[in-house]
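Trainee: Sequence:
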Amino acid sequence: MGNKKTDFFDRVYKIVAKIPKGKVTTYGAIAEVCGIRSSARTVGWALNGATQSGLPCHRVVNRLGALTGKVHFGDIHLMEELLRSEGVEFDEKGYVIMKKYFWQPKKLTKSRKKKN
DNA sequence: ATCGTGACTGGGA
DNA sequence: ATCCCAGCCACGA
1 MGNKKTDFFD RVYKIVAKIP KGKVTTYGAI AEVCGIRSSA RTVGWALNGA TQSGLPCHRV
61 VNRLGALTGK VHFGDIHLME ELLRSEGVEF DEKGYVIMKK YFWQPKKLTK SRKKKN
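If you use this note's numbering, the first sequence corresponds to residues 1 to 116, in order.
Treat the hints with care, as some may be off.
Unchecked claim - Label pairs and their calculated CB-CB ranges:
id : residue 1 : residue 2 : range
1  : 81        : 7         : 28 to 38 Å
2  : 35        : 81        : 29 to 39 Å
3  : 71        : 91        : 20 to 30 Å
4  : 17        : 39        : 29 to 39 Å
5  : 76        : 102       : 13 to 23 Å
By construction, these hints were calculated from the structure, which means they are not laboratory data. Cβ coordinates follow ideal geometry from the N, Cα and C atoms, glycine included.
Turn these sequences into a full structure, and let the hints guide you.
Mentor: Here is the structure:
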């Protein structure tokens, strides 16, 4: 409805929830889909309250494929294990192989009233 | 109202 | 190659 900024958070949650299992996406990608291409930080801030929302925030990494969210997860090992259990592979640096597992979210069409 | 911070990103040195 | 700086948006104090 008329919500503006709050709607932004909702979009982030929606997108994160749509991340396919075994795939990951970046803050920047989500930000762009949300309409704030230039502010990936805000995405992380939104997820800050999403950790308890039951969203697969462990599938969200930075553009390098590093699990930066481990700070709020408490254990980076946990996040890595979660991704590994989904089939995601890491390189020697411990980064997700973005070239293989990066998932590009699609823009949320507001006009999806008909046809699904 | 302003100021500072942050789960980021890109470009420059 | 690595390190540093500036930009960006939203929120808490």
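Trainee: Run every hint past the structure and note whether it holds.
Mentor: How the hints compare with the structure:
A hinted range of 28 to 38 Å for the beta carbons of residue 81 and residue 7 is consistent with their spacing of about 33 Å. For residue 35 paired with residue 81, a C-beta distance near 33 Å keeps the hint of 29 to 39 Å intact. Restraint check, residue 71 to residue 91: a C-beta distance of roughly 21 Å satisfies the suggested window 20 to 30 Å. Between residue 17 and residue 39 the CB atoms are about 21 Å apart, so this pair departs from the stated range of 29 to 39 Å.
In this structure the supplied range 13 to 23 Å holds for residue 76 paired with residue 102, their Cβ-Cβ distance being about 19 Å.
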